[in-house]
Structures are given as C-alpha cells and as structure tokens.
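Got chain H sorted already, so can you dock chain G onto it with the hints?
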Amino acid sequence: MRLFPVACRAAEQKMTDLFTGELHPRERLELEAHADGCARCNAALRDLTTISFALDRAYAPLRARGTLLSPARVRLAARVEPQSTVPWWRAGFVGRLSEATMALGFAALVLGGSLDLAVKPVHEVVPTAVAPSIIRDYFRVQPPADDAPSVRWVRFQLRAIGAIAPVAGFSVNGGPEVDLIEDDSLTAGPR
Amino acid sequence: MTEHAARRQAHQEDRRTDRELVYAARDGDMLAFDALFYRYRDGIFRLGLAITKDPSAAEEIAVDTFTRAHRALARLEPEGSLRPWLYRVAVNLSYNRRPRKGVIISPLEDSANDTFQSEERSPSVLAEQAEMRRIVLAAVDTLGPKHRIVVVLHYMNGLNLAEIAQVVDCPIGTVKSRLHYALRRLRTHLSAHPEFGIEPMSFLAPSAKRTVAPVVEPLPGEPQ
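Residue numbers (the numbering used here), protein chains in the order written: chain H, 457 to 647; chain G, 15 to 238.
The shape of chain H in the complex, shown without the other chains (with noise of 0.2 Å):
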C-alpha cells in the first residue's frame, strides 16, 4: 500500500504533461513548489527528467535518418496485388450465364466444325464439289476387281467351257496382257 500524501499524487501526475510540454506555466511552477519542499518529488521529479533526456537522446539518431523509397513501389505494389479470388459459380448470375454461354459455344465448334447458322434459301444451295477424301483415293488407285484370282479363276472355267472366246496372246507393244474379248458383265466387280 502506498501512502504519501495527495498532494504527492497530483505533483506525479502532473510531471507527465511536464515532460511533454502540456503543463501551463502556473502549475509548473506549482510542481517546482512542491518539489522544493518534497524530498521524494523532487528525486522523482530528478530522475523523471534524466530518463526524458536519455530517451531524446537516444532516438535523435534515429529521427535524423530517412529513406529513399519511391511511389513508384507503392504503385507497384498496389498494381500487383491480386483480385478477388471469387470462383466463377459466386461470381453471380451474370458471371454464371456468361461462363455457360462461353462453354456452349465453345462445344458448338469442336462439333459442328462451324459456327455458320446461316439458313440459306433453297434455290440458293448449290452443290459443292465433293471434298478430297484420302480413303477414297485409296480404293481408285486399286486395280480393278476382275484381277482378283476368284475372277481369274471364273473366267478360265468360262473360257474352257467356251462361253467366252480364249485369250488373244500376249500383247504386241510390251504392255501388259489386255483381254481383247471380254464380257463387262462379268468381269466388273462391285464398285
């Protein structure tokens, strides 16, 4: 329990707005008054000031630095932060039809391969030559069907039995052997 007498308490009180320069001059000197007379104030009021100086004089060095720093930093940073990271189904009704009208879309041209909805009138479709296909060049370049053995081997019997006239020989230019006498009806395989 702390026992001195109230006018201690007050002087103590009033060394805080001392040491920042928010005491009015009459209480100081009423302060100083009783500071005289007060042996414990007056070491308080001593060692308060010693302490106040101290730490003046400690932070004078660092209320004389500064630094460099540019706006630009600032700019910088306040650029860079990022947005809001609300995902796209929060984002709101607008945020929801637009993200579903964009995936729409974007099925319509990897199925459709085109995008052209244009309806056109009747009389104005025309047709359009038949697009190169490498599979169909595959079977025109194949030699016909009547080379396949099981032809070969119908039109021999055909000839042995004389429904069809004999080979004619070989061929004269060096090209390859041509039936000159040949029934189309038998000889064109499927197309």
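In case anyone wonders, no lab produced these hints; they're calculated from the structure.
A few of these clues could be false.
[To be verified] According to the in silico footprint, chain H covers these stretches of chain G (three or more CB under 8 Å from chain H):
hint, segment
1, 32-39
2, 73-86
3, 89-98
4, 101-111
5, 142-152
6, 190-197
[As the list claims (entries may be wrong)] Covered stretches of chain H, going by a simulated chain G footprint (3 or more residues, C-beta under 8 Å):
hint, segment
7, 468-475
8, 513-520
9, 523-531
10, 548-559
No residue lacks a Cβ here, since even glycine has one placed at the ideal position from N, Cα and C.
The following block gives chain G in isolation, referenced to the frame of chain H:
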C-alpha cells in the same frame, strides 16, 4: 538538379492539405498521392525502424502502409491530417512483423556513430554515449507493446498526447497514464545502472509517509 529531384521537391512543397490531396488522389491524380507519400514517408519509416529495428522491414512497412492507403482512398475521410491513420496502420504492421531470429541488427548504433563523429568528440565519450543509448533502448524494449508504442511515438516521432490518442485509438487520459507508467518502469529499470545517477525508487520514503496531524491539542504539561 535532375528532373526526378525537381519533381520530388515539388511534391514536398505541395501546400494542399491532406484532405485535398486525398480527394485529388481519389479522382485519379496520382501526383497528389505521391505528395502524400513524400510527406509521411520518412516518419513511417522511422516508426517501423524503431519497432522492428530492421531497415528493410521498415521500408516494407512503409510500402505496405501506403499500399493500404491507396486501396482505402475511396473511404478515407481525413478530418485534418492523415498522419494518425497512416501511423496506426504502420504500428499494426510493425507489431505483426516479428523480428527474424538469428539476425543481429544494430541500425541505431550505426547511425549514432555517424551523428557523433560530426561533433568531433573523443572516442571514450562516444563509446560511453553509445553504451548509454544501448541501455536506454534495451530498457524500452522491456516495456509492453502498449507502453512502448506511446514512448516511441512521443520521443521518436514527436507526437503530442492528442495525436498519440488518435493513433492508438484511446482517450488522452489513457495515453498519459501509459506514458507515466512507462517512465516509472524505465526509472526502475535504469536505476540499476549507476551511470544514469538514478536513485532506486523507495515507495515508503520518510518524506512520503502520511503524517496525521493531532486532532486534540495536548493539554498543558502533557508530553507530546
């Protein structure tokens, strides 16, 4: 004078108030925001440096403080000065930033040597003053955050009690009480160092004892 230095000087000599600069920056005038930056840049840097004791951390605190101010431009309504708002943000950022372990930082002593070398004092005096400064700052570090920030804001940043109250968001009486408590704690702490000449505190000094005046006058012949 380079163009950059001339532009900076123009910002520093901007006579507009903080409120006008905030409104101009809100309308997209980045030069007004630059003027605010140059006006309070050093103070916030020193505040961060006093708390964190790390110059790089203090610069980051200054940048973060103004970044938050830039983001909050739309809702900033400074009555007079923007300094209490900026300092409050800087204080919060400084205390949220823990000092890195194992890193020895002594920015205050380095700058102190530069300051006193210009005064051409003897090495012994310089060493003694540096030691006293180290003791004082170490004693301040023993204070709690609430009391330490009041000491830093007053003795380092030069804020008065009303401005400190705005920064720490409490009444002036509370600020005065915290400062008084901090000074008493520092007096107790520094009394262990004889170079300061501070007497140990005695709560029951003879002069402080309550003296009760006699209620009844002694009778004639009665021993007093």
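Cross-check of the supplied hints:
1. Residues of the segment 32-39 of chain G with a Cβ under 8 Å from some Cβ of chain H number 0, which does not satisfy the need for three, so the listed coverage is violated.
2. Only residues whose beta carbon comes within less than 8 Å of a beta carbon in chain H count, and the segment 73-86 of chain G has 8; three or more means the coverage holds.
3. With 0 residues carrying a beta carbon less than 8 Å from a beta carbon of chain H, the segment 89-98 of chain G misses the three-residue requirement, and the given coverage is violated.
4. Only when three residues or more bring their CB closer than 8 Å to a CB of chain H does the claim for the segment 101-111 of chain G stand; here the count is 0, and the claim is violated.
5. With 5 residues bearing a CB less than 8 Å from a CB of chain H, the segment 142-152 of chain G meets the requirement of three and the coverage assertion stands.
6. Here's how the segment 190-197 of chain G fares: 4 of its residues keep a CB closer than 8 Å to some CB of chain H, so the rule of at least three is met and the hint holds.
7. Counting residues of the segment 468-475 of chain H whose beta carbon lies closer than 8 Å to any beta carbon of chain G gives 6, which reaches the threshold of three, so the coverage claim holds.
8. Judged by the Cβ-Cβ criterion of 8 Å, the segment 513-520 of chain H is covered by chain G as claimed, because 8 of its residues qualify and three suffice.
9. Note: the segment 523-531 of chain H has 6 residues with beta-carbon separation from chain G under 8 Å; the three-residue rule is met and the coverage holds.
10. Counting residues of the segment 548-559 of chain H whose beta carbon lies closer than 8 Å to any beta carbon of chain G gives 0, which falls below the threshold of three, so the coverage claim is violated.
Violated hints, in rising order: 1, 3, 4, 10; the structure is consistent with all others.
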